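Enquirer: Spelled out, the chains give:
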Amino acid sequence: MPADAEGEKDSRYEAAQKLISFGELTPKNVEQLRKLNLAVFPVKYSDKFYTDLSSNPVQLYTHLAYFTDIMVGAICCRVESQDGAAFKVYIMTIGVLAPYRRLGIGKQLLQKVLEACSLQPDCVEIYLHVQVGNDSAVDFYKGFGFEVGSIVKDYYTRLDVNDAHIISKRPPFLSTS
Amino acid sequence: MTSTRENGLPSKEAGLFKQIVKHYETKQYKKGIKAADTVLKKFPDHGETLSMKGLILNCVDRKAEAYELVRKGVKMDIKSHVCWHVYGLLYRSDREYLQAIKCYRGALRHDPDNMQILRDLSMLQVQMRDLEGFVQTRQHLLTLKPTNKNNWFTFAVAAHLMNRYDKAVNIVKAHEDTLEGTPENDYEHSEMLLYKNMLLEEDGQLQEALDHLESCEKDIVDRLFWLEKRAQLLRQLNRHADAEPLYRQLLKRNPEHVGYHAGLQACVLGAGRAIENWMPEEVDEATEAKLKVLYAELQHHHPKSTVCRRLPLDFARDGAHFRIACKTYILPPLRKGVPSLFADLKPLYRSKPKAEVLGAILEEWLKSLEADGKLPGESRHEMPTVIMWVRALLAQHYDQVGESARALAQIDLAIQHTPTLLDLYMLKARMYKHAGALLQASECMNLARQMDLADRYINTKATRYMLRANQVDEAQKTIALFTKDGDQKSNLFDMQCMWYELEIGQAYCRLARTDASHYGRALKQFTSVDKHFTDIIEDQFDFHTYCIRKMTLRAYVNMLRMEDTVHGHAYYVRAAMGAIEVYIALVDKPKQDAAAAAAADESQMSAGERKKLESKKRKAEAKAKAEAEEAKAKAAVAAKAEKGAKGNKGKPDKPVDEDPEGAALASVDDPLEKASVFLRTLQQHAPKNLRTHTLACALALRKKRYLLALRALRRAVALAPADPDVHTATVEFLLEMDKEAAILPPTIARVLEANRAAIGAPPGKSLEELNKAFLLKAEGAPAAVLAAAALQLQIAPAQKDAAKALVTSLDPSKLSLALAVRAHTLLATSFGDAAAAEAFGAKVRARYPLADYFQPPEVLSQGIQDGKGASE
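Protein sequence lines, in the order shown, are assigned to chains F and B.
Okay, so the first sequence: first residue is 1 according to full-length UniProt numbering, each after it adds one.
Okay, so the second sequence: first residue is 1 according to full-length UniProt numbering, each after it adds one.
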């Protein structure tokens with residue numbers, strides 16, 4: 001799914017930084033993530049999506065963002081095994097509630113996952129789908145050194161535009177473009 | 001326990017006897033029994049050995065044998081203090097303290113100076129509050145052994161409890177005089193001095209107390225208390241100038257202590273009384289001006305203190321002053337995001353003008369934030385949470401002033417802004433509750449619960465809301481999420497979880513209106529609460545010795561006083577009243593059913609049908625009874641099985657509840673007598689509660705104890721002569737008296753005549769006149785109008801329409817939801833006018849569109865299925 005649009009910096013940006021914190025997803029707070037995703041994305045995810053995520057004992061690639069201790073953003077990834085020990089990380093969702101955007105929260109969420117990837121020598125790629133036409137999202141990932149790849153036809157099924165870009169990044173994960 | 005008397009055994013057996021005592025004291029029960037049996041083989045009638053064996057058997061749960069042996073022991077050796085003492089210990093272990101005291105006295109007859117027995121006796125005396133006896137026993141002990149410090153202080157406390165302050169002070173002084181050199185234990189010495197100070201203060205000798213306090217400054221280890229007490233005494237002696245700097249010093253230590261603030265304010269104002277919560281009407285202009293200056297200064301000195309900013313909201317009279325104070329107080333927690341902020345503002349709603357200003361401020365803030373993201377007069381853009389919290393505050397404001405629709409609309413906007421914050425769903429649930437939509441409230445609270453499954457608070461809230469909506473099964477499952485697995489019911493009982501027992505008990509009461517089998521379950525819960533209070537009283541026992549030994553005398557005396565009034569606690573009062581109501585219902589219900597059956601019978605049923613119905617009813621009753629017995633038998637079997645299974649695990653077996661559903665409680669032969677037991681406690685501990693007396697009257701009428709009913713009414717009238725419930729009780733009492741007039745004993749009739757004026761019904765005034773006078777005086781207060789209408793129907797059934805007109809003339813938009821429900825029920829049942837009830841209900845629906853009670857049935861059931869409104 002597309003990330004929140006990162007435009008110009010907000011005048012509250014600096015002051016907001018010390019109000020932001022991060023946490024882990026657990027079976028106890030997964031319902032808050034569901035509420036978050038319902039508000040942010042036009043797609044409704046299945047119960048299985050949430051149970052799989054929250055019951056995962058290792059939360060390297062899933063992070064929750066809090067603003068004054070209120071959950072306002074999340075990044076959720078899954079690990080896709082390749083040949084041997086190698087694996088790819090796929091970003092399923094990344095989103096921040098509308099009123100809390102432009103404060104750098106999405107950026108920090110993605111940064112956390114990239115840091116986790118950089119610590120795993122077997123991680124060969126991180127990638128995601130972005131709806132065609134969502135240029136602000138594409139720019140956001142480009143800023144992190146992601147590359148725009150091929151277009152997948154009819155990736156989405158019930159949206160106005162159903163095609164999606166594949167956007168990906170290979171090691172080193174912490175370099176920018 | 002050693003026997004000084006020759007106990008009549010040869011030396012070998014005497015040695016064995018000593019062993020028995022030793023085994024008992026070291027809890028080696030098996031060995032003890034064996035030794036006792038050896039003695040008894042030779043001397044089967046030896047009293048003291050019989051008693052000791054009984055005492056040991058009592059410890060291994062063979063109670064019946066124990067009593068048998070101990071009684072035999074006393075019989076065999078009636079002059080032995082050991083036998084009597086053991087008899088007393090046995091009773092004490094069963095909490096039969098009065099019996100135990102008798103036995104101890106028996107023992108002392110034969111050994112008057114036995115310190116062990118005297119000590120045991122005195123503990124029972126203070127537990128039972130036989131203060132007279134307690135003083136005597138403690139005096140005796142002190143004369144026997146004046147070298148023991150504890151004997152001095154227990155004697156002092158005994159005198160203190162009798163309010164003999166001079167005596168208590170003298171005892172402490174006398175002990176002080178025996179002390180030489182520096183005290184061994186600083187803390188104990190300090191506590192002794194503070195206890196003496198407490199005695200002086202309670203005796204009203206404030207100056208002496210102050211002098212004493214100042215004289216022992218260097219010996220007090222509790223420095224903070226010393227400062228507090230000194231400031232308080234100085235202030236009470238009107239030495240405000242001396243007290244003021246002390247309060248300022250205390251505030252420097254803790255600027256959030258409301259008591260220090262009240263003390264300082266009293267000093268600055270030169271007032272005789274320290275006030276922690278100012279009521280708007282208590283503040284005059286001069287007071288406001290002085291306090292305003294004081295708090296400007298305090299806020300400057302303590303910039304981080306919340307209380308320094310909060311208190312001005314209470315005493316501000318002037319609108320402009322209040323506005324500024326509001327802004328100063330609300331802004332920091334608003335920016336920080338403090339969910340409980342509104343709870344702190346709620347007391348201000350006692351003043352209508354303040355409530356209006358608060359609403360206006362919040363509306364202004366919201367408007368400004370919506371326009372440009374800034375608060376009025378501020379240059380910075382607020383963080384995104386601020387507008388959400390302002391909406392939440394505003395929603396709570398609307399809710400507080402009864403505007404449910406606006407409240408819900410505003411909270412929905414807040415949820416839309418930040419849908420991940422569970423506090424918002426909790427607030428929404430409360431708003432539904434206030435709107436009378438209990439099912440939606442419960443659903444919404446459950447939604448909030450699901451958002452944080454690790455939060456016990458929200459779990460508790462959800463449970464409570466389910467119980468309010470009579471969803472008993474769901475509630476039991478929800479509360480069980482946070483109790484120990486598998487052992488839910490007894491776990492909550494063991495934890496003395498009284499809020500839950502009361503709520504579920506009351507839910508069962510409501511359910512019992514349609515299904516009488518729930519009465520037992522309700523009673524079960526209320527009796528559980530009663531047991532907790534018995535336990536709380538019981539739990540004092542260990543402290544009688546412990547506190548004296550540890551020298552925490554002040555805390556000890558305060559604890560005893562707390563225990564003396566603990567049955568006046570709201571939890572007990574609710575439980576007792578609930579139980580009484582259930583017992584009354586158990587008596588009334590069969591009568592009402594019979595009356596209803598008779599009415600139905602008259603109108604349409606044929607004789608055959610009636611017979612069928614009655615036999616059906618009899619069968620149902622028999623079945624219910626059989627089921628209850630069966631359940632009881634099953635429980636007993638289960639109990640045995642469990643006991644067997646557990647075997648000798650070492651842990652004492654927990655007694656199994658033989659009546660988990662309370663069926664036995666609800667099928668007692670004398671429900672009214674059972675109710676009277678609760679009532680007597682209420683009369684003693686909750687005499688200021690009006691319902692104590694109206695319930696007393698209701699109970700007495702059903703027992704046909706008319707003088708008791710009269711007495712209850714007199715007390716009720718003395719408390720609240722104009723209360724509609726009191727008026728109702730009075731008229732119903734007089735109606736009953738008229739009915740019984742022919743068979744009333746002349747003495748009772750005479751007393752009644754003589755007391756009519758005292759219950760507001762002077763002789764010669766008809767009931768109708770009485771009711772009219774009440775109505776006139778009430779000036780249209782809806783609760784009074786409803787009461788008068790219901791009574792008029794009873795007094796003069798022929799004038800039904802006039803009475804009905806009283807109800808229908810009420811303006812539904814001005815009624816509270818509870819009163820609207822009562823009016824509707826009155827129309828539908830007492831007046832039996834479905835059309836009028838429906839017309840009235842329609843009008844109420846316009847005012848309370850969400851209230852469950854006024855929903856047409858099909859809407860309600862559909863609403864639950866769809867999860868209407870609660871989820872999004």
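Be a bit skeptical, because a hint or two may be false.
In silico BS3-like pairs for lysine-lysine, Cα to Cα no more than 25 Å straight-line [claimed, not checked]:
#: 1; chain 1: B; residue 1: K292; chain 2: B; residue 2: K374
#: 2; chain 1: B; residue 1: K304; chain 2: F; residue 2: K18
#: 3; chain 1: F; residue 1: K18; chain 2: B; residue 2: K374
#: 4; chain 1: F; residue 1: K28; chain 2: B; residue 2: K477
#: 5; chain 1: B; residue 1: K304; chain 2: B; residue 2: K327
#: 6; chain 1: F; residue 1: K18; chain 2: F; residue 2: K107
#: 7; chain 1: B; residue 1: K484; chain 2: B; residue 2: K550
#: 8; chain 1: F; residue 1: K18; chain 2: B; residue 2: K814
#: 9; chain 1: B; residue 1: K674; chain 2: B; residue 2: K531
#: 10; chain 1: B; residue 1: K290; chain 2: B; residue 2: K252
#: 11; chain 1: B; residue 1: K327; chain 2: B; residue 2: K352
#: 12; chain 1: B; residue 1: K461; chain 2: F; residue 2: K28
#: 13; chain 1: B; residue 1: K18; chain 2: B; residue 2: K30
#: 14; chain 1: F; residue 1: K28; chain 2: B; residue 2: K484
#: 15; chain 1: B; residue 1: K589; chain 2: B; residue 2: K674
#: 16; chain 1: B; residue 1: K814; chain 2: B; residue 2: K765
#: 17; chain 1: B; residue 1: K804; chain 2: B; residue 2: K814
#: 18; chain 1: F; residue 1: K107; chain 2: B; residue 2: K336
#: 19; chain 1: B; residue 1: K589; chain 2: B; residue 2: K550
#: 20; chain 1: B; residue 1: K800; chain 2: B; residue 2: K772
#: 21; chain 1: B; residue 1: K252; chain 2: B; residue 2: K292
Output of the computed footprint for chain B on chain F, the stretches with three or more beta carbons under 8 Å from beta carbons of chain B [to be verified]:
#: 22; segment: 14 to 20
#: 23; segment: 126 to 137
These are computed hints drawn from the structure, not numbers from a lab.
Values in this document were obtained by computation on a predicted structure and should not be read as measured data.
Beta carbons: idealized from backbone N, C-alpha and C, even for Gly.
Enquirer: For each hint, tell me whether it holds in the structure or not.
Expert: Here is what the structure says about each hint:
About 28 Å separates the Cα atoms of K292 (chain B) and K374 (chain B), which puts this hinted pair outside 25 Å; it is violated. With a CA separation close to 20 Å, the supplied pair K304 (chain B) and K18 (chain F) stays within the 25 Å bound. A distance of roughly 20 Å separates the Cα atoms of K18 (chain F) and K374 (chain B); the hinted pair therefore holds under the 25 Å criterion. With a C-alpha separation of about 17 Å, the suggested pairing of K28 (chain F) with K477 (chain B) holds against the 25 Å cut-off.
A hinted pair counts as satisfied when its Cα atoms are at most 25 Å apart, and K304 (chain B) with K327 (chain B) qualifies at roughly 15 Å. Our distance criterion of 25 Å between C-alpha atoms is met by K18 (chain F) and K107 (chain F), whose separation comes to about 15 Å. For a cut-off of 25 Å, the pair hint linking K484 (chain B) to K550 (chain B) is broken: about 35 Å separates their Cα positions. About 50 Å separates the Cα atoms of K18 (chain F) and K814 (chain B), which puts this hinted pair outside 25 Å; it is violated.
Between K674 (chain B) and K531 (chain B), the direct Cα distance comes to roughly 14 Å. Compliance with the 25 Å bound is thereby established for this hinted pair. The hinted pair formed by K290 (chain B) and K252 (chain B) meets the criterion: a straight-line CA distance of about 20 Å does not exceed 25 Å. Of the pairs offered as hints, the one joining K327 (chain B) and K352 (chain B) holds, with about 18 Å between alpha carbons and a cut-off of 25 Å not exceeded. About 17 Å separates the Cα atoms of K461 (chain B) and K28 (chain F), which keeps this hinted pair within 25 Å; it holds.
The suggested pairing of K18 (chain B) with K30 (chain B) holds, with an alpha-carbon distance near 15 Å, which does not exceed 25 Å. A distance of roughly 18 Å separates the Cα atoms of K28 (chain F) and K484 (chain B); the hinted pair therefore holds under the 25 Å criterion. Of the supplied pair hints, the one linking K589 (chain B) and K674 (chain B) holds, its CA atoms being roughly 17 Å apart against a limit of 25 Å. Distance hint between K814 (chain B) and K765 (chain B) is unfulfilled; the C-alpha atoms sit about 33 Å from each other, more than 25 Å.
Between K804 (chain B) and K814 (chain B) the CA atoms are separated by roughly 18 Å; this keeps the pair inside 25 Å, and the hint holds. For the suggested pair K107 (chain F) and K336 (chain B), the alpha carbons sit about 24 Å apart, so the restraint of at most 25 Å is met. A C-alpha spacing of about 55 Å is found between K589 (chain B) and K550 (chain B), which places the hinted pair above 25 Å, so the restraint is violated. For a cut-off of 25 Å, the pair hint linking K800 (chain B) to K772 (chain B) stands: about 15 Å separates their Cα positions.
With a CA separation close to 19 Å, the supplied pair K252 (chain B) and K292 (chain B) stays within the 25 Å bound. Coverage of a stretch by a chain is defined here by at least three residues with a beta carbon nearer than 8 Å to that chain's beta carbons; for the segment 14 to 20 of chain F and chain B the count is 3, and the condition holds. A stretch counts as covered by a chain when three or more of its residues have a beta carbon under 8 Å from one of that chain; for the segment 126 to 137 of chain F and chain B the count is 0, and the coverage is violated.
Checked against the numbered hints above, the structure violates hints 1, 7, 8, 16, 19 and 23; every other hint is satisfied.
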